[in-house]
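K.L.:
The residues making up each chain are set out below.
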Amino acid sequence: MANLNKKNKGVIDWIDYRLPIVSFLKHSAVDYPTPKNLNYWWNFGSLAGFFLLVQIITGIILSMHYTAHVDHAFDSIEHIMRNVNHGWLIRYIHMNGASFFFIVVYIHIFRGLYYGSYKAPRELLWWLGILILLLMMATAFMGYVLPWGQMSFWGATVITNLFSAIPFIGESITQWLWGGYSVDNPTLSRFYTLHFLLPFLIVGVVILHIVALHTHGSNNPLGIDKKGPQDTIPFHPFYTIKDLFGLSFVLTIFFTVVFFAPDYLGHPDNYVPADPLKTPAHIVPEWYFLPFYAILRAIPDKLGGVIAMFSAIFVLFLLPWLDTSKVRSATFRPIYKKLFWIFVLDALILGWVGSKPAEGIYIIISRLATLYYFVHFLILLPLLGKFEKNRPLPESIGKPVLAE
Amino acid sequence: MKNFIIIFLLFSYTLNLFSAEEALKPEQYNFSFSKPLGKINKNSAQRGLQVFIEVCASCHGLKHVAYRSLEELGYNKDQVNSIAAQFQIDDLPNEEGEILKRKAIYSDYFVEPYKNLNEAKTANNGAYPPDLSLMVKARKDGANYVRSLLLGYNEPPSGFDVGEGYYNKYMAGNVIAMPQPLYGDDVEFSDGTKATLEQEVNDLVTFLTWTSMPDLENRRAAGIKVIFFLLVMTILFYISYRKIWSELKT
Ligand code: HEM
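Protein chains in written order, with the numbering used here: chain A, 33 to 436; chain B, 9 to 258.
Because the hints were derived from the structure by calculation, they are not lab data.
Incorrect hints may have been included.
Within a straight-line C-alpha distance of at most 30 Å, the following computed DSSO-like cross-link-like pairs (lysine-lysine) qualify [said to hold, decoys possible]:
id, chain 1, residue 1, chain 2, residue 2
1, A, Lys68, B, Lys33
2, B, Lys257, A, Lys259
3, B, Lys123, B, Lys71
4, A, Lys58, B, Lys33
5, A, Lys310, B, Lys251
6, A, Lys310, B, Lys123
7, A, Lys68, A, Lys369
8, B, Lys129, A, Lys310
9, B, Lys109, B, Lys123
10, B, Lys148, A, Lys310
11, A, Lys68, B, Lys202
12, A, Lys58, B, Lys251
13, B, Lys47, B, Lys202
14, B, Lys177, B, Lys233
15, B, Lys129, B, Lys85
16, B, Lys43, A, Lys259
17, A, Lys310, B, Lys257
18, A, Lys310, B, Lys47
19, A, Lys68, A, Lys358
Using the sequences and the hints, build the whole thing.
P.N.:
This is the structure we're talking about:
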């Protein structure tokens, strides 16, 4: 006992001796040895975590005033916008926060693609990331249904109808999802429950994602393993301050949108209350789904389209094995570097045609872009690893110049 | 970095290309609120309210707007009460269970012109006049759209069949079920402003922009402060970042 008392220098130490949360945090957010050469693209992980928190906090406040019923949902949003103190601010942050969450996560993913962060020993880290993306998509899709505007209703109708393409049991699955014979009150109410629940599952997966990350540490722009302490610096203060600077910069852009163009990323039709008898001229999903929507519509067959759309994400799970190159970073892979930028362009083209009506030239563009999307992963990457001659890798992170 | 800028430009271009409508693009007009820091012109919005009540309110509702919020346009409580008193609203059931009418008051919401959707449709040849509370947000480039629409009634080109409706080149499909509501001199403004057609329409659109975005002025005012704060904070973080990392290099 005496021994124990000597250790108690204060309340914090007293707690930490019994429940080591303080040393855990110190280990993983203060001392955590981080490669010294990370560039700004490594800011986007912590930014994603920040936007997840923003969504949860604003979402909880919204849920205190929102009513999940087809007769009241639209009006309750207007009640939030007009009568709740700063309700317009909370709602605009939540609406645009979802968009920024996706921007940040997409950049985070492309960072991984460029620097080969999915390669051994980070395959599971990569998998957890894609799982987060899938959960985010489900969450955002169901969130967009909640205001019960025209796009909410018709978007939900189009997307849930996709399940009816499944042979034999499709119809029953769709009706089971709806809780009836069309998108209606039971659908809205379960979407609300799930929209509330899924973000907390995301938090769980994010924790696993970070545990996996800290097991082998961050990848870095050179894509080579760290050799010793000379290659790393403690996370705090070096990366805490860099992350804070990045956060502050992105928040400036974010709040410029929130305060001066809050409806820019949304669709005007969602300010028209849902009307099951009146189909809008163009049904378009939120911008962050457009590339996948384009792939869906590129295939002339409904079931084929659904399979292609899901494969577009599923193929990412296989990426650690499809990319046969041993070199991680595109910096040392001259051909892959070009292919990467072509792939980025392809994804943007898909997003653009996704916003266009499925007719004429747009169909052709979407088919070519879809084809290229899969060719990139399934043909180019496996072959490239065999033929590409990489530039010589530097010896260590600390002395990258040696190689030149 | 160069690549990044190209990608970014492409990306913003992509976002710009959202939906393509077939109808004529609305004419651009410079309203008091059009610029990012612009405000709602209160006098204009008050005149717009007058046009709305005297012309549009017989067909269109404004159900998300409470009379009390009209105070934001510069009316005092008594004035708001007398505006509300022009409308009759269903009272709560009395002791015999009958629902009688009473004058609307400060705390009520704008009274609906029709009892229900079917009544609205019957009165308008099968089309229903949509609620106008959110009209400016519910259309692309809403303020310019509503203005162009109200000024955009014409004779149909020869051979164009408008059926039961009216020709309007700004409406999707070019046929609208609403007869031209304003011609000029439809109201007499109490502040002496001449009620030309364009004046009435501009005032009305100013009013409807406020009903769609009652948060507009507060939002923009708060926005300036927040962005200023964030810019300063970003610069300070950048300086600290450079300082902390400079220790590393030596
Ligand atoms: C992964 C994090 C989240 C994402 C990506 C997300 C996304 C969205 C989106 C896109 C909307 C529709 C916004 C609109 O157009 O009005 C929405 C609405 C809503 N969300 Fe979330 N959300 C998240 C987390 C949460 C959480 C944790 C809650 C509650 C605890 C919540 C509660 C709500 C409510 C009540 C609405 C309806 C209000 C509205 O539509 O503005 N959200 N969400």
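K.L.:
State for each hint whether it applies.
P.N.:
Quick rundown of the hints versus the structure:
| no. | hint | result |
| --- | --- | --- |
| 1 | Lys68(A) - Lys33(B) | violated, 53 Å |
| 2 | Lys257(B) - Lys259(A) | holds, 19 Å |
| 3 | Lys123(B) - Lys71(B) | holds, 13 Å |
| 4 | Lys58(A) - Lys33(B) | violated, 59 Å |
| 5 | Lys310(A) - Lys251(B) | violated, 60 Å |
| 6 | Lys310(A) - Lys123(B) | holds, 21 Å |
| 7 | Lys68(A) - Lys369(A) | holds, 23 Å |
| 8 | Lys129(B) - Lys310(A) | holds, 14 Å |
| 9 | Lys109(B) - Lys123(B) | holds, 13 Å |
| 10 | Lys148(B) - Lys310(A) | holds, 18 Å |
| 11 | Lys68(A) - Lys202(B) | violated, 71 Å |
| 12 | Lys58(A) - Lys251(B) | holds, 23 Å |
| 13 | Lys47(B) - Lys202(B) | holds, 23 Å |
| 14 | Lys177(B) - Lys233(B) | violated, 42 Å |
| 15 | Lys129(B) - Lys85(B) | violated, 35 Å |
| 16 | Lys43(B) - Lys259(A) | violated, 56 Å |
| 17 | Lys310(A) - Lys257(B) | violated, 65 Å |
| 18 | Lys310(A) - Lys47(B) | violated, 35 Å |
| 19 | Lys68(A) - Lys358(A) | holds, 22 Å |
Checked against the numbered hints above, the structure violates hints 1, 4, 5, 11, 14, 15, 16, 17, 18; every other hint is satisfied.
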